[in-house]
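**Student:** As a plain string of letters, each chain reads:
Number of protein chains: 4
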Amino acid sequence: MILCHMVDNKNMRDDSHRKPRLQKIGVFTSGGDAPGMNAAIRAVTRAAIANKLKVVGIRRGYQGMIEGDFIPLRSADVSGIIQLGGTVLRTARSNEFRTFEGRQKAWLQLQKAGIDAVVVIGGDGSFTGALTMSQEFNISFVGIPATIDNDMYGTDYTIGYETALNSVVCAVDKIRDTAVSHGRIFIVEVMGREAGLLALNGGIACGAEVILIPESKEQHDELKRFLDKGYRHKERSGIIMVAEGDEPGGALKIAEQVRREHPDLDVRVSILGHIQRGGSPTANDRVNATRMGVAAVDALLDDQKSIMIGIDDGKIVQVPFNKAVKLNHSIDGDLLDIQRMLNI
Amino acid sequence: MILCHMVDNKNMRDDSHRKPRLQKIGVFTSGGDAPGMNAAIRAVTRAAIANKLKVVGIRRGYQGMIEGDFIPLRSADVSGIIQLGGTVLRTARSNEFRTFEGRQKAWLQLQKAGIDAVVVIGGDGSFTGALTMSQEFNISFVGIPATIDNDMYGTDYTIGYETALNSVVCAVDKIRDTAVSHGRIFIVEVMGREAGLLALNGGIACGAEVILIPESKEQHDELKRFLDKGYRHKERSGIIMVAEGDEPGGALKIAEQVRREHPDLDVRVSILGHIQRGGSPTANDRVNATRMGVAAVDALLDDQKSIMIGIDDGKIVQVPFNKAVKLNHSIDGDLLDIQRMLNI
Amino acid sequence: MILCHMVDNKNMRDDSHRKPRLQKIGVFTSGGDAPGMNAAIRAVTRAAIANKLKVVGIRRGYQGMIEGDFIPLRSADVSGIIQLGGTVLRTARSNEFRTFEGRQKAWLQLQKAGIDAVVVIGGDGSFTGALTMSQEFNISFVGIPATIDNDMYGTDYTIGYETALNSVVCAVDKIRDTAVSHGRIFIVEVMGREAGLLALNGGIACGAEVILIPESKEQHDELKRFLDKGYRHKERSGIIMVAEGDEPGGALKIAEQVRREHPDLDVRVSILGHIQRGGSPTANDRVNATRMGVAAVDALLDDQKSIMIGIDDGKIVQVPFNKAVKLNHSIDGDLLDIQRMLNI
Amino acid sequence: MILCHMVDNKNMRDDSHRKPRLQKIGVFTSGGDAPGMNAAIRAVTRAAIANKLKVVGIRRGYQGMIEGDFIPLRSADVSGIIQLGGTVLRTARSNEFRTFEGRQKAWLQLQKAGIDAVVVIGGDGSFTGALTMSQEFNISFVGIPATIDNDMYGTDYTIGYETALNSVVCAVDKIRDTAVSHGRIFIVEVMGREAGLLALNGGIACGAEVILIPESKEQHDELKRFLDKGYRHKERSGIIMVAEGDEPGGALKIAEQVRREHPDLDVRVSILGHIQRGGSPTANDRVNATRMGVAAVDALLDDQKSIMIGIDDGKIVQVPFNKAVKLNHSIDGDLLDIQRMLNI
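Protein chains in written order, with the working numbering: chain V, 763 to 1106; chain L, 763 to 1106; chain G, 763 to 1106; chain A, 763 to 1106.
Hints are supplied without guarantee of correctness; some may be wrong.
Distance condition first, Cα-Cα at most 25 Å in a straight line; then the derived SDA-like pairs of lysine to any residue [stated by the list, open to error]:
1. Lys874/A - Tyr919/A
2. Lys1067/V - Gly830/A
3. Lys1077/V - Asp1099/V
4. Lys816/L - Gln1066/G
5. Lys867/G - Ala838/G
6. Lys814/L - Phe988/G
7. Lys814/G - Gln1066/G
8. Lys1085/G - Asp1075/L
9. Lys874/A - Asn813/A
10. Lys814/L - Gln1066/G
11. Lys814/A - Gly1095/V
12. Lys816/A - Gly830/A
Keep in mind the hints are simulated off the structure, nothing from the lab.
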């Protein structure tokens, strides 16, 4: 069974064979905001216009779809947004959309606005919603993965992850200044309730002394080892990276335990929180968002539905929504080995 | 009574009239680390060497002084540090120094190392320690104010404050991306246990909707007003800046209260913590640290003691340690007025 | 004669005594763009609205005034711009405004739009234009100084200078990485045709080995000294900062000369150019732009005309346009002395 | 023929089967400096020490090898360098190494120091030198690709490219502020004498209006089209990205031509130059440099020689020096199509 298939963007430019069925598409962002969403909105809008489609921006996710909170998007409307964090179309949670009645309202709004197909920019929850709706009503969705957790099956890459990773690294570099100056241990909590990618790669990039991630329970022995014998000299400092979801309570709980067992140590906690989520996207987040935005329009023009655009080994692929579920990239065990080896 | 007097740096270059009494000086950092401390260490070291003095770096503050943790500093040793956060001489707390016995040990170590005078880079607590020691033993101290709180009497400027302020602004700009995207209220806690300068100026610079600082209790009415009638539309977001010490519990406690009174609002907390303290210093923090470092050596060459170097209206001044106590710059009421006026 | 006088912002809030003459003001940016201009536009707009005035944005400077390129500004229109570089009202040169006919057209446009008074955000050239026009026609101008050169008489501070300074420092920090890695000399050209402030303070902040500025010709001897004897060791690198206008040809010409006299040296040139001009403004640039924007509206409400708002020793002052000419802040000779002393 | 083969890092940890032949390795950086080189030096050093090897740092590239400019590297010596730009081991050109006599001297120095094998961090020229020397003398080299041009056959990734790309994007974002504010066209020249990757991806990421790269001559028609009809409205601004080597003379020459043909346009040039080369490496540059550093030591322990470590589809591979020549990654034509489509 083939889960995803590579696609040739060239088709889009030679679209003589296409039926002119598609006339107006919608685009919206859903779930947590991620840097690069605006670059994707811009690419979807302009690629659609270049292909003679009309574009409607749906504001505040599925909730805005239900309420008919729509705005027309012209080329100039997406000018100067490629470098902005957040999402100009905003995003929101919608409990109403979880009901059939809610989805029906949403469909009626799309009908009323003449929207033939929709590009949804978000995570696996957003795609599940799209799949459900497209099975109940006659509307096509194509998805673009955008989440700072990078935890989607079928794509090496989700929009926003790389920017978040660099925000983590930049913040920990600053914290290291104080850790070294005072000979302190900092327990730094980063986002990632079920996925430790940000903590793992952020920890490697910052030379963290210990990395605690939900995917590997052995790391707690590492922490013990570090504290017991590794941390003896009065000048030595340390950064312990913790993924948000490693333990309920996270960094604060671990700090409590460390202080109990090692009352002599000077231990501090830093919870990076929402500074990981905003900010101007990195070059790759912008380029990949742009490529995926163009590919999403291309897929709609090719009469595709219920697929997510992904990137695999640098190339654009299409993955059925059904397969594009939240699935942690198996953590590269080598990286943990490397971290342990270099922490000497 | 004149608290501080302006000084003419020119004297330093024409030092023919000086007795060659001073031969070796020490320099150390004390208290919390602040960006720009390294620029000050570099300036002290090179200004001293340019004046034919030997320089000893005292590591880990007063504790290192007690332990004789000294290293010679040559010009090359301070090369390439002007742009680094933290302090290459490290810093530490010392309970031992609070005792006479501790200070005696420290003095004996200085004696043994042939150190005639010392430049102390830190906050008011560090200067109080220096004053006590210089009154008990025959040793001169000159201070350079370095604290991100900018809460010293006698100087417009303490090293590190401006860098911290820009770190706050940079972080809140990112948080704003998410706040706007989701229509959320963020309560952002910044450092400043007794001084609200970081929260006030950071709040103005980020266009915060409400600023809560220890210096003004009326601001809580502002918060109430903002929540009660200002915050009605579903799209509106808000940043509420809180100085760390505004209330015991700070941002978390305020969030709890807001959620209790306004259960419909989507409220999040972000505690910026130690990312405010590190990082490469801003241009002004480097330039002023450099100027104060040179002026501190100049003061020692002029046989001064127990004074802090300060900057007043852009000019170097000297302030007796006795006067250079922690004293909050009275908050500029106009700034609060301005913030209220612009938040419409 | 008093050139400037301090003002009490408090008046603005107690404006019961004011005649309700003023009803609609214009605001525009003129000359080179400077980071913080948007913060000033926001403050002017909201302070005016808070005082029951209507606000019109004049686009593209005096040229837009002549063409009647006006847009109404409401509070929401200036939301989310405080952190943006450049100017949302744009700027332009206008030869037509230099003629009486041009200024007459501009005045008729203002008349037609019902604009009673105007806030001009720019440099000395912009203020001269405003002064001329206000003397010919019945219209009041108040100015806010914004130029990255910081070369205005009557104010310690012009909007954009500090951001530009930090952009210089950030760029030179990067160049230093390569200079040190290769043992190279870099000649770095920064903006400042007649004023060396950016080069001087940027050079101090980056630990530049030599600083060449138009205000001090002796510095060329410094360069010679540095190259002749200071630069001997194969590992030593150097940063030579040059203000754009130090010599016609600037950095390239100096590099040519250095290569001719020292063919053994590995010399490179970096012209920082327009990366000095853009970018998100620093905290101070935002706060001061905000304060001056509010003060400008206050001045108009106080029936002032032909004055520039300035900041002197941290306080708001008003300076007649006639006095607010381009005038280089006399370069602090101490800074050059310090630079020479520390470069050992 | 298999050019490269994937390797399993696990082997390194189970090295019971290895002969303890290797006892001391050297490591050096060569060619232009690239951000992330220090992360690679750190990883090589610590991975070697973790495998009971001694490590010698060879300073200033092949020239330092000839001169015996060696320093022992212990774990602590590479502490705190992972985040630094440039290279702490410095780099240099060596004409002497191009001669047999020079290489013989270098080999004798390695012999004398007891160095059994060497990790070379640099570009294709550095690897060619290593290959030549290893064929003449009994010494093994393993290479790590580090060049901001990302133009090596056999690896998707060279250290430093991603950081340079983000520096380009950050600089152009600033320039865009001024371009938009003034309605100006900026011609921005980025590095890449033979490879347009930085210009292409940087241009996509910044929404450049035209991208001129050596790999596609058709782009000059694009420029003509843009200037002829695209650029009509007085408010429209534009960024034209030019790879350094697109034409002799680069951006300045193009600007001259544009000004000649379109004297009405306000055209400026910005040559980004060496700010593209320095700075703190991005997260990926640090992580990949770390992975490749560990893999290089692993390869030496596996008795490999004359191979470059590469990354292919996210996995570590080994590529013979003979194949790892400078070869431009064929430019992704889709990206140029995308750029043209979105520039509407």
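**Student:** All the hints need checking, so say for each whether the structure fits it.
**Tutor:** Hint check:
no. : hint                  : result
1   : Lys874/A - Tyr919/A   : violated (35 Å)
2   : Lys1067/V - Gly830/A  : violated (65 Å)
3   : Lys1077/V - Asp1099/V : violated (29 Å)
4   : Lys816/L - Gln1066/G  : violated (59 Å)
5   : Lys867/G - Ala838/G   : violated (30 Å)
6   : Lys814/L - Phe988/G   : holds (20 Å)
7   : Lys814/G - Gln1066/G  : holds (18 Å)
8   : Lys1085/G - Asp1075/L : holds (21 Å)
9   : Lys874/A - Asn813/A   : holds (22 Å)
10  : Lys814/L - Gln1066/G  : violated (57 Å)
11  : Lys814/A - Gly1095/V  : holds (22 Å)
12  : Lys816/A - Gly830/A   : holds (17 Å)
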